[in-house]
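Asks: By numbering that gives the first Met the number 0, the letter at position 38 of the sequence shown is numbered 37, and the numbering carries on one by one without gaps.
The hints are simulated quantities; they were obtained by calculation from the structure and are not laboratory data. Careful: at least some of the hints might be erroneous.
Unchecked claim - Using C-beta positions, here's what the derived DEER-type ranges look like: (1) Leu21 with Tyr44: 30 to 38 Å; (2) Met86 with Tyr47: 17 to 25 Å; (3) Ala84 with Val42: 21 to 29 Å; (4) Gln51 with Leu72: 18 to 26 Å; (5) Phe3 with Ala40: 41 to 49 Å; (6) Pro93 with Val5: 25 to 33 Å.
This structure is a prediction, so every number in the text was calculated from the model and none was measured. Where is the CB? At the ideal position from N, CA and C, for every residue including glycine.
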Amino acid sequence: MGEFLVKHLRNSAKRVFYNHYLRNVSIASLELPLGVLLLLAAVTYGGYHWIQSAAAGVTTPAGTVVLSAVLLLAGLQFVLAFLAADMAALPTRPLHLTQSVRLGRKEKVPHDAR
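Construct the entire structure; sequences and hints are all you get.
Replies: Here is the structure:
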C-alpha cells in the first residue's frame, strides 16, 4: 500500500505540474499555490496564538480567531476552485483522432468512433 501511495502522489503531482504550469497556465495555476499558502498561514497563525493563549491561561481574542478562520476559509475556497477547474478540464476530442490527423494519415474512422 505504501509504494502505491507514494507513486500515485508522485504521478498526481507531475500531472498537475504538466497540465497547469507547463502546458496551460490559467487562473487555476494561481489558485493552488495561493490556496495552499493561505491554509498554511491560517494553521501557523492560529496555532501559534492558540498555544500562546493556552500557555498564558487566557482566552484567545475574537479578532485573532476570526482572522485565522478567514485565512482558513479563503485557502480552502481557492483549493476547491482549483479542484473544480482541474476536473472541468476534460479533453473534448479523442486523442487517437487528433494524432492521426496531425501525422497526415488519411485513415477511415468508423462511424461509431466519432
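Asks: Look at each hint and say if it fits the structure.
Replies: Verification of the hints:
no.	hint	in the structure
1	Leu21 with Tyr44: 30 to 38 Å	holds (32 Å)
2	Met86 with Tyr47: 17 to 25 Å	violated (34 Å)
3	Ala84 with Val42: 21 to 29 Å	holds (24 Å)
4	Gln51 with Leu72: 18 to 26 Å	holds (22 Å)
5	Phe3 with Ala40: 41 to 49 Å	violated (32 Å)
6	Pro93 with Val5: 25 to 33 Å	holds (31 Å)
Comparing the model with each numbered hint stated earlier shows that hints 2, 5 do not hold.
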